[in-house]
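Trainee: Here is how the chains run, residue by residue.
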Amino acid sequence: MKHCIVKIENGEGVRYQSVELGLEPIIVGRNWGADVVIEDRFVDPDHLQIFLNEDDEILIRDLGSINGTLLKRKRVKDQPINYEWTQPIRLGDSKISLMDAEADPEPTLLRSSWIGLLSKWNSPLTWFVSLAIVVLVQLGEKYLNSNQAFDIYKALYQVWPALVGVVVIALFFGLISRVLKGENNFGQLWILSCWMVIVTAMLNFFIKVIRFNWQDFDAGQLLTELNGTLLFAVFLFALLSLISNLRFRSRLGITMVTAGLVVFSLIATDSFTEEKNKWTSMTRTESSTLPSGFLLRDESTYQNYTTETDSLFDQVDEEVERLAAIDEG
Amino acid sequence: MWHRWCKVFFFVLSVLYLTAVSGETVEEEVSETTTIAAQVSVEPGSQFYDEVLQIRVVSPMAGSKSAIGSGFQVSDDGLVITNYHVVSGFIQSPESNTIEYMSDSGESGELALLNFDVINDLAVLKADLPRGKTFSLAERPLVKGELVYALGNPYDIGIKQVSGPNNGLVDHSFVEKIFFSGSLNPGMSGGPAINRTGDVVGVNVATAGNQISFLVPVNAVSDLLAQDRVVAADDYYAEITRQIDEWQEKRVRTLIDDPWPTKEFVGREFPDEIREDFQCWGHTNEEATDPVVTSVAKTCESKDVVYLGSWLTAGHFHMSYRYEKSERLNALQFANRSSTQMWANNKTSYKDSTNYSCHVDFVDVAESTDALTRITTCIRAYRHFPALYDSLLLVEQLNDDTSWSSHMSVSAMNKEHINALNTKFTEALQ
Numbered sequence: 001m002k003h004c005i006v007k008i009e010n011g012e013g014v015r016y017q018s019v020e021l022g023l024e025p026i027i028v029g030r031n032w033g034a035d036v037v038i039e040d041r042f043v044d045p046d047h048l049q050i051f052l053n054e055d056d057e058i059l060i061r062d063l064g065s066i067n068g069t070l071l072k073r074k075r076v077k078d079q080p081i082n083y084e085w086t087q088p089i090r091l092g093d094s095k096i097s098l099m100d101a102e103a104d105p106e107p108t109l110l111r112s113s114w115i116g117l118l119s120k121w122n123s124p125l126t127w128f129v130s131l132a133i134v135v136l137v138q139l140g141e142k143y144l145n146s147n148q149a150f151d152i153y154k155a156l157y158q159v160w161p162a163l164v165g166v167v168v169i170a171l172f173f174g175l176i177s178r179v180l181k182g183e184n185n186f187g188q189l190w191i192l193s194c195w196m197v198i199v200t201a202m203l204n205f206f207i208k209v210i211r212f213n214w215q216d217f218d219a220g221q222l223l224t225e226l227n228g229t230l231l232f233a234v235f236l237f238a239l240l241s242l243i244s245n246l247r248f249r250s251r252l253g254i255t256m257v258t259a260g261l262v263v264f265s266l267i268a269t270d271s272f273t274e275e276k277n278k279w280t281s282m283t284r285t286e287s288s289t290l291p292s293g294f295l296l297r298d299e300s301t302y303q304n305y306t307t308e309t310d311s312l313f314d315q316v317d318e319e320v321e322r323l324a325a326i327d328e329g
Numbered sequence: 330m331w332h333r334w335c336k337v338f339f340f341v342l343s344v345l346y347l348t349a350v351s352g353e354t355v356e357e358e359v360s361e362t363t364t365i366a367a368q369v370s371v372e373p374g375s376q377f378y379d380e381v382l383q384i385r386v387v388s389p390m391a392g393s394k395s396a397i398g399s400g401f402q403v404s405d406d407g408l409v410i411t412n413y414h415v416v417s418g419f420i421q422s423p424e425s426n427t428i429e430y431m432s433d434s435g436e437s438g439e440l441a442l443l444n445f446d447v448i449n450d451l452a453v454l455k456a457d458l459p460r461g462k463t464f465s466l467a468e469r470p471l472v473k474g475e476l477v478y479a480l481g482n483p484y485d486i487g488i489k490q491v492s493g494p495n496n497g498l499v500d501h502s503f504v505e506k507i508f509f510s511g512s513l514n515p516g517m518s519g520g521p522a523i524n525r526t527g528d529v530v531g532v533n534v535a536t537a538g539n540q541i542s543f544l545v546p547v548n549a550v551s552d553l554l555a556q557d558r559v560v561a562a563d564d565y566y567a568e569i570t571r572q573i574d575e576w577q578e579k580r581v582r583t584l585i586d587d588p589w590p591t592k593e594f595v596g597r598e599f600p601d602e603i604r605e606d607f608q609c610w611g612h613t614n615e616e617a618t619d620p621v622v623t624s625v626a627k628t629c630e631s632k633d634v635v636y637l638g639s640w641l642t643a644g645h646f647h648m649s650y651r652y653e654k655s656e657r658l659n660a661l662q663f664a665n666r667s668s669t670q671m672w673a674n675n676k677t678s679y680k681d682s683t684n685y686s687c688h689v690d691f692v693d694v695a696e697s698t699d700a701l702t703r704i705t706t707c708i709r710a711y712r713h714f715p716a717l718y719d720s721l722l723l724v725e726q727l728n729d730d731t732s733w734s735s736h737m738s739v740s741a742m743n744k745e746h747i748n749a750l751n752t753k754f755t756e757a758l759q
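Residue numbers (our numbering), protein chains in the order written: chain R, 1 to 329; chain D, 330 to 759.
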């Protein structure tokens with residue numbers, strides 16, 4: 001058995017994957033079931049085999065591919081030939097090379113992005129600690145947002161969906177990551193979704209304090225929605241990094257476009273709603289309430305307050321004119 | 330299985346059919362007995378059956394009536410009186426409706442709307458072909474306990490009469506109404522209520538069920554007729570606005586000028602039944618076992634409401650208070666119970682009013698207390714009644730374990746009235 005790192009270079013960029021070489025050959029190809037997946041339409045589903053012989057020498061063998069395999073500008077046939085560390089193998093538009101993991105010259109390049117931090121912490125202890133913090137934060141959130149007497153059993157019952165979410169994200173995207181990227185990112189995704197839940201809860205409380213303090217500022221809802229979109233964008237970017245072989249620029253692009261679509265749909269749902277469906281006999285105001293200690297600013301004077309309410313009459317008069325114009329047009 | 334259901338269905342049908350037939354036979358018996366009416370005592374309303382008209386608002390496009398009521402002619406030149414609410418559908422869209430009358434004997438014709446009074450719920454119409462029969466308005470004031478005969482066409486069945494004693498004017502109201510202990514039913518609205526000599530003493534207007542009905546006093550009819558004017562179709566909304574504003578001024582001015590009496594509510598003084606036309610109801614949750622909060626609530630309301638149509642009411646004046654004390658909640662959980670959300674008390678729709686525009690802020694009103702005071706003011710405008718608004722006001726005094734929410738809601742008032750009442754209410758809470 002030999003632990004080695006495969007360097008894969010193609011139109012998508014450069015990536016690395018670790019594999020175990022043995023007497024049993026590993027398969028390189030376009031097939032999602034291959035041991036090393038190469039997304040390249042000139043690569044066959046099962047293109048190439050790599051294995052060790054009894055003397056621990058590395059051998060490669062072409063599996064009868066349409067476009068062939070080149071090693072040192074020579075075509076590899078179905079007869080196994082010897083391979084030396086770091087020699088580039090060309091298949092289709094892509095290039096792979098193998099490095100000895102024990103004597104690897106560039107091991108840090110395995111995961112080059114900040115997401116790599118997750119790999120550094122990836123251990124059963126971190127998984128457990130992250131999940132424990134999720135449960136605590138969720139319970140805390142339920143405790144603070146309850147307007148009934150706190151019931152620990154009921155709260156624990158409400159924590160369930162968050163835990164299921166963490167497991168589903170880790171399993172589902174872990175599988176995609178395994179298939180598309182050939183990497184085992186289950187642990188990283190577990191930690192990522194845990195921290196996503198934790199950060200959301202903390203930001204939500206922070207936003208509640210802001211909304212409470214700027215009670216008269218009628219953008220509280222927008223603030224919450226933007227916060228949700230921002231978190232979603234960060235999560236999406238990290239997810240793309242962990243499950244796909246996209247380049248940094250493509251990942252950023254997809255994230256920006258998706259986040260943009262979310263913001264647009266938030267704004268658009270309002271502007272596409274017919275005026276008569278927006279009508280309600282209810283008031284829509286900022287309702288966040290916290291104990292008086294959380295008010296970090298001075299209260300308004302009654303005189304200032306009445307000046308503000310005076311302008312409400314002009315606002316609704318303008319609304320009457322606007323609606324009349326819509327009904328006529 | 331299906332056969333069984335079919336059998337049940339036919340059985341039900343036959344029962345309904347029999348009921349309808351037996352109903353008809355009863356009516357025939359009644360008409361036979363009327364032939365001997367000359368020998369028995371008959372209520373005086375009977376001789377006016379053909380003088381009472383059914384009033385219909387007809388939509389020519391639909392080819393059918395959209396509202397029915399009753400009415401009666403009061404002058405030889407064909408002036409007809411009915412309720413404003415009977416013809417409110419016409420006032421809303423005069424271009425797509427007509428008003429017609431029909432007598433018990435089948436005479437019919439068109440009516441034109443001349444004038445109306447939204448507060449007293451009256452309308453003056455004019456028949457193109459006046460009929461010979463008119464009612465005269467009573468000049469003698471109605472005596473309490475005197476028998477009154479109300480005529481009208483309930484449920485489109487035909488002109489009928491109901492009798493009952495006059496129980497005097499409804500107390501403490503800014504809309505004069507006679508309390509009539511007879512059973513008025515839908516369709517009788519706008520019909521005349523006469524005394525024993527056949528003079529009109531009032532106009533049928535509303536019922537609260539169980540022989541509790543209301544009549545518009547006849548002096549409101551004579552006042553409206555004395556105006557002798559014609560409101561153009563383009564001015565209907567402006568006229569409604571003027572009448573409501575004038576009535577509100579009469580109703581609200583003394584409230585603005587006079588001090589408000591207060592009453593104790595959980596150890597503090599609050600404006601309560603601020604005038605005789607206000608009524609309060611209280612409620613506590615003390616009976617709940619082991620409550621997380623103790624809450625006490627009180628609602629006060631003025632009885633007077635202006636009915637402008639089934640889709641639109643105005644003139645509501647409502648105050649409510651809620652006190653809450655935390656029993657088992659910490660400060661954060663208790664704070665979560667507060668909400669600035671409010672609902673309108675009157676009925677309107679997209680066609681008639683805008684959404685509420687609100688301003689909410691913490692206001693430093695009382696220097697002495699450490700309680701946080703949050704005031705929410707919401708205003709909406711009427712789309713067709715210029716310078717009339719609905720207002721909602723919420724003053725919350727929030728402590729870590731107790732809170733007081735005081736709410737005042739007024740409807741169809743001008744800006745000056747709303748501002749004055751809001752300030753007065755806020756000051757009365759300190």
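Calculated directly from the structure, the hints in this document are not laboratory data. Any given hint might turn out to be false.
Stated by the list, open to error - Computed list of lysine-lysine pairs in DSS-like fashion (alpha-carbon distance at most 27 Å, straight line):
| hint | chain 1 | residue 1 | chain 2 | residue 2 |
| --- | --- | --- | --- | --- |
| 1 | D | Lys680 | D | Lys592 |
| 2 | D | Lys632 | R | Lys276 |
| 3 | D | Lys753 | R | Lys154 |
| 4 | D | Lys744 | D | Lys394 |
| 5 | D | Lys753 | R | Lys142 |
| 6 | D | Lys627 | D | Lys680 |
| 7 | R | Lys7 | R | Lys95 |
| 8 | D | Lys676 | D | Lys579 |
| 9 | D | Lys579 | D | Lys632 |
| 10 | D | Lys753 | R | Lys276 |
| 11 | R | Lys74 | R | Lys154 |
| 12 | D | Lys676 | D | Lys627 |
| 13 | R | Lys208 | D | Lys654 |
| 14 | R | Lys278 | D | Lys676 |
| 15 | R | Lys72 | R | Lys95 |
| 16 | D | Lys627 | D | Lys654 |
| 17 | D | Lys632 | D | Lys753 |
| 18 | D | Lys627 | D | Lys592 |
| 19 | R | Lys278 | D | Lys680 |
| 20 | R | Lys276 | D | Lys744 |
| 21 | R | Lys181 | R | Lys2 |
| 22 | R | Lys142 | R | Lys7 |
| 23 | D | Lys744 | R | Lys278 |
What the hints assert, rightly or not - What follows is a set of in silico ranges between Cβ atoms, one per label pair, in the way DEER data are often shown:
| hint | chain 1 | residue 1 | chain 2 | residue 2 | range |
| --- | --- | --- | --- | --- | --- |
| 24 | D | Glu756 | R | Ala324 | 49 to 55 Å |
| 25 | D | Gln670 | R | Glu328 | 28 to 34 Å |
| 26 | R | Gly140 | D | Arg571 | 56 to 62 Å |
Note that beta-carbon positions come from the ideal geometry of N, C-alpha and C, so glycine has one too.
Trainee: Confirm or reject each hint.
Mentor: Quick rundown of the hints versus the structure:
1. A distance of roughly 40 Å separates the Cα atoms of D/Lys680 and D/Lys592; the hinted pair therefore is violated under the 27 Å criterion.
2. Taking the CA atoms of D/Lys632 and R/Lys276, the gap is about 31 Å. The hint is violated against a cut of 27 Å.
3. For the suggested pair D/Lys753 and R/Lys154, the alpha carbons sit about 46 Å apart, so the restraint of at most 27 Å is broken.
4. Annotation: proposed proximity of D/Lys744 to D/Lys394 is violated, straight-line Cα distance about 39 Å (limit 27 Å).
5. At most 27 Å may separate the alpha-carbon atoms for a hinted pair to count; D/Lys753 and R/Lys142 exceed this at roughly 40 Å.
6. At most 27 Å may separate the alpha-carbon atoms for a hinted pair to count; D/Lys627 and D/Lys680 exceed this at roughly 33 Å.
7. A distance of roughly 8 Å separates the Cα atoms of R/Lys7 and R/Lys95; the hinted pair therefore holds under the 27 Å criterion.
8. Only pairs whose Cα atoms come within 27 Å are accepted, and D/Lys676 paired with D/Lys579 is accepted, the gap being roughly 23 Å.
9. With a CA separation close to 15 Å, the supplied pair D/Lys579 and D/Lys632 stays within the 27 Å bound.
10. Using a Cα cut-off of 27 Å, the hinted pair D/Lys753 and R/Lys276 is violated, with the two alpha carbons roughly 35 Å apart.
11. With a C-alpha separation of about 69 Å, the suggested pairing of R/Lys74 with R/Lys154 is violated against the 27 Å cut-off.
12. Taking the CA atoms of D/Lys676 and D/Lys627, the gap is about 22 Å. The hint holds against a cut of 27 Å.
13. Distance check on the hinted pair: R/Lys208 and D/Lys654 sit about 23 Å apart at the alpha-carbon level, within 27 Å; holds.
14. Only pairs whose Cα atoms come within 27 Å are accepted, and R/Lys278 paired with D/Lys676 is accepted, the gap being roughly 16 Å.
15. For a cut-off of 27 Å, the pair hint linking R/Lys72 to R/Lys95 stands: about 12 Å separates their Cα positions.
16. As the CA atoms of D/Lys627 and D/Lys654 are separated by approximately 15 Å, the hinted pair is consistent with the 27 Å bound.
17. The straight-line distance between the Cα atoms of D/Lys632 and D/Lys753 is roughly 21 Å, inside the 27 Å bound, and the hint therefore holds.
18. For the suggested pair D/Lys627 and D/Lys592, the alpha carbons sit about 11 Å apart, so the restraint of at most 27 Å is met.
19. Simply put, R/Lys278 and D/Lys680 have alpha-carbon atoms about 12 Å apart, close enough for the 27 Å limit, and the pair holds.
20. At roughly 25 Å between alpha-carbon atoms, R/Lys276 and D/Lys744 fall within 27 Å of each other, so this suggested pair holds.
21. A hinted pair counts as satisfied when its Cα atoms are at most 27 Å apart, and R/Lys181 with R/Lys2 qualifies at roughly 21 Å.
22. Distance hint between R/Lys142 and R/Lys7 is unfulfilled; the C-alpha atoms sit about 48 Å from each other, more than 27 Å.
23. Proximity of D/Lys744 to R/Lys278 is assessed by CA-CA distance (about 25 Å); at most 27 Å being required, the pair is judged to hold.
24. In this structure the supplied range 49 to 55 Å is violated for D/Glu756 paired with R/Ala324, their Cβ-Cβ distance being about 37 Å.
25. A beta carbon spacing of about 33 Å between D/Gln670 and R/Glu328 agrees with the range 28 to 34 Å that was offered as a hint.
26. One distance hint, 56 to 62 Å for the beta-carbon pair R/Gly140 and D/Arg571, holds here, with the actual separation near 59 Å.
Consistency note: the structure conflicts with the earlier hints numbered 1, 2, 3, 4, 5, 6, 10, 11, 22, 24.
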